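Enquirer: So the chains spell out like this:
Number of protein chains: 2
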Amino acid sequence: MTDLLPTTPYRGTRDLLPQQMSVRQQFFHPLFEVIESYGFGRYDGPILEPAEIYEAKSGEEIANQQLYALTDRGGRRLALRPEMTPSAARMIARNLGSLQLPVRWYSHVICHRYERPQRGRLREHWQINVDIFGSDSVNSEIELFELIHDMMGALGATRDMWALRVGDRVLLESILRDIVKVPGDRLAEVSSLVDRWEKYPREKLAEDAEKLSLTSAQFDLLAETLGSGDEVLRAVPAEVAERSHVVRLLNSEARELVTFDPFIVRGLQYYTGTVFEVFDLHPENRRALFGGGRYADLAGLFTRQQVPGIGFAVGDVTLQDFLETHGLLPAPRPQADAVVIPLGESLTAEARRMAGVLRRAGVRTTTPLEPRKLSKELSAADHLGARVAVVVAEDEWRREAVLVKNLATREQHEVPVAELADRVTAVLASPAP
Amino acid sequence: MTDLLPTTPYRGTRDLLPQQMSVRQQFFHPLFEVIESYGFGRYDGPILEPAEIYEAKSGEEIANQQLYALTDRGGRRLALRPEMTPSAARMIARNLGSLQLPVRWYSHVICHRYERPQRGRLREHWQINVDIFGSDSVNSEIELFELIHDMMGALGATRDMWALRVGDRVLLESILRDIVKVPGDRLAEVSSLVDRWEKYPREKLAEDAEKLSLTSAQFDLLAETLGSGDEVLRAVPAEVAERSHVVRLLNSEARELVTFDPFIVRGLQYYTGTVFEVFDLHPENRRALFGGGRYADLAGLFTRQQVPGIGFAVGDVTLQDFLETHGLLPAPRPQADAVVIPLGESLTAEARRMAGVLRRAGVRTTTPLEPRKLSKELSAADHLGARVAVVVAEDEWRREAVLVKNLATREQHEVPVAELADRVTAVLASPAP
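Protein chains in written order, with numbering that gives the first Met the number 0: chain P, 0 to 432; chain R, 0 to 432.
Fair warning: there could be bad hints in the mix.
Which copy is meant is left open, because identical chains are indistinguishable; a pair holds if it fits in one copy or across any two.
Capping the alpha-carbon separation at 20 Å, the derived lysine to aspartate or glutamate pairs in EDC-like fashion look like this [to be verified]:
| id | residue 1 | residue 2 |
| --- | --- | --- |
| 1 | K375 | D135 |
| 2 | K203 | D421 |
| 3 | K203 | E255 |
| 4 | K372 | D135 |
| 5 | K180 | D219 |
| 6 | K198 | E209 |
| 7 | K198 | E114 |
| 8 | K375 | E410 |
If you are wondering where the hints come from, they were derived from the structure by calculation, not from laboratory data. Since the model is a prediction, treat every value here as computed from it, not as a measurement.
Between the sequences and the hints, there should be enough to build the whole structure, so can you do that?
Expert: See the structure below:
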């Protein structure tokens, strides 16, 4: 006897059986509807991309440690995409001649990162990406933030459950340079320190700041300035405030959409202005669900034409945790509405015909494959979540009728074949037990 | 200046812009609906799987030449799945304790094979997989064949465009062994010769047969027997006919669903009985669209419990070619139904509010991001495929009204804000120009 292979999926990936898949589809589908209601068009691209498009822009962590890379038989170095933005940038650059900018695009894609699997983080996950390419207007920020509110609403989330936290790299850079006096060649590293602010205790941050040659006075000033909330807006020079989309946003009627948070940096290198995240406020699940930002020149790897943009992504793993924590996870949808059971093998073809009648009326219907007792079939129907059983039996069939059984109430009626579809859809339209 | 990276996708993969994606979604979506109407539940699984699950069962061509393999940082040998069946088998084996067999499962997944890209064949493609696991009844064949007919019907295809060709490895093996007298250790190779029958001229096949030590008399007998159509059914021994699902099928009322074709073998090693394909009858596109078959023991790699099954797959590349060839490809759906245009930047927030009113009424609506001339916005609206433009202008706004313009007829009316949603949905409900 040969050895059996293990049945567990590769670490950090998941099997989704129909019940689990039904849950995922039910929370993703309303999001697609909302995004499309804003006139975003769905696109798709390859999972395999040239590895260098990530090495150039996605940030060191992704390129050096998290990339699933391979070399094909033709010697090309490829990667499983760890994120969608570089692919989208490539596609935008490729089609600049025919696209009328700005464009609103979204995608629903699978991405791979080699990470240590943990709560909210797997190696393979699905994410929605939403982007506006080709506009530098703050109207893009406002539109995406309204969209995020509608998306959260579609999931059943109320505003006490989450916050849309917004920062601005334009402001942050000015704070670091003009106020804290960080030298130009340390700006990136100190930004990255700010990015870690919430995750580490104050002492650890102070230590790291020292390693970056910040004096303790500079560190305290940094903490104090960033911690001052809206005061930040008055602390930066006027010409900086003028360039900041976030300042403009906070001075508009859209201010109520967001929580200004100067500590927000987001990891990806290509962000150049507004950065934001949807943050779970539940005490046991404090983490970002959505992450996004603005980039002044996203497609620069691929074209000399400057294409500004803004976008965000939201993944299924963190989203499902959020919904679970807040009791918002939808129940799995049953796989079938009705079953048609022949009493005796000689009625198999007739049962199949009745199943066809129901399917054409929009009723998801199964028929038994193996001859089994009626009681067994009824229990299988219950297991499947079906609400109606149609029994094809000889006596009734001779009268061109069948038995229709409501599986919730256990009521059963003889129904003429000509009325079958109407009767079954009526039972299904009645409130579920 | 740094060099720009190429914008073309990796060879054999595709970018799908919103227009192209809309087409793909429109032909896949009705198929999901039909499959679900039969009570199949959708599942999903990892793209990355242990490489050995393909090396064992998928056939030499896939494992040795077509697998995208990689080794992760932990030293695990992985592959991008080239097909879904081994993953499904793994999942079935893993969940045997909780599943009530038989189960009806389907998936819509991306698969990767390193092939020479050509018409109908790419390196990355999406496919639907439909399987019944845990039943050895011919009712499974009949159900899947009815389903295939309904799927083709949902695509708008009529029966002159395609054929469901069905063969049986049980019959083929008997023909080879009992009639042509092929030695047991040559059965696999001669089956593979039969699989190539349609692709090569007779002389080439005869040559190959000679290499397999078939005499020319044996070769002629093989050609004659397989070419005799239904006569095959009478040529095989009675106990073979009894074991054949296809013989049973052809003797039932379901016979009209299929075209019996003893030459059908299908490439994958795990098929053990019924094998079938949906074949495009168009003279310029003669090829298989769907392929599938029955397996006596699919999950044998993972469990000692024997799980018979039957299933098929259909990919987007060949399907799109079929639809294109027969003039059945759907037109792309416009990205937006309506645009709301403020006349002047001071009305931007008002326009955004009206857009929200329309979205909540189910109208896919955009508003301009940059201040532009009305004529520019109207032409952008046309480009997007929108059918209605709502203009928010000062005079009308003071009267709590807006202008609603039908972009097809160019008619324009002043409409009170309270009636906006009704008026716009009425225009959209009227037949498209």
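Enquirer: Determine for every hint whether it applies to the structure shown.
Expert: We went through each hint and held it up to the structure:
{"no.": "1", "hint": "K375 <-> D135", "verdict": "between (64 Å within a copy, 18 Å between copies)"}
{"no.": "2", "hint": "K203 <-> D421", "verdict": "neither (69 Å within a copy, 59 Å between copies)"}
{"no.": "3", "hint": "K203 <-> E255", "verdict": "neither (34 Å within a copy, 75 Å between copies)"}
{"no.": "4", "hint": "K372 <-> D135", "verdict": "between (68 Å within a copy, 17 Å between copies)"}
{"no.": "5", "hint": "K180 <-> D219", "verdict": "within (12 Å within a copy, 90 Å between copies)"}
{"no.": "6", "hint": "K198 <-> E209", "verdict": "within (18 Å within a copy, 72 Å between copies)"}
{"no.": "7", "hint": "K198 <-> E114", "verdict": "within (18 Å within a copy, 46 Å between copies)"}
{"no.": "8", "hint": "K375 <-> E410", "verdict": "within (18 Å within a copy, 64 Å between copies)"}
In this structure, the earlier hints numbered 2 and 3 are contradicted, and the remaining ones agree with it.
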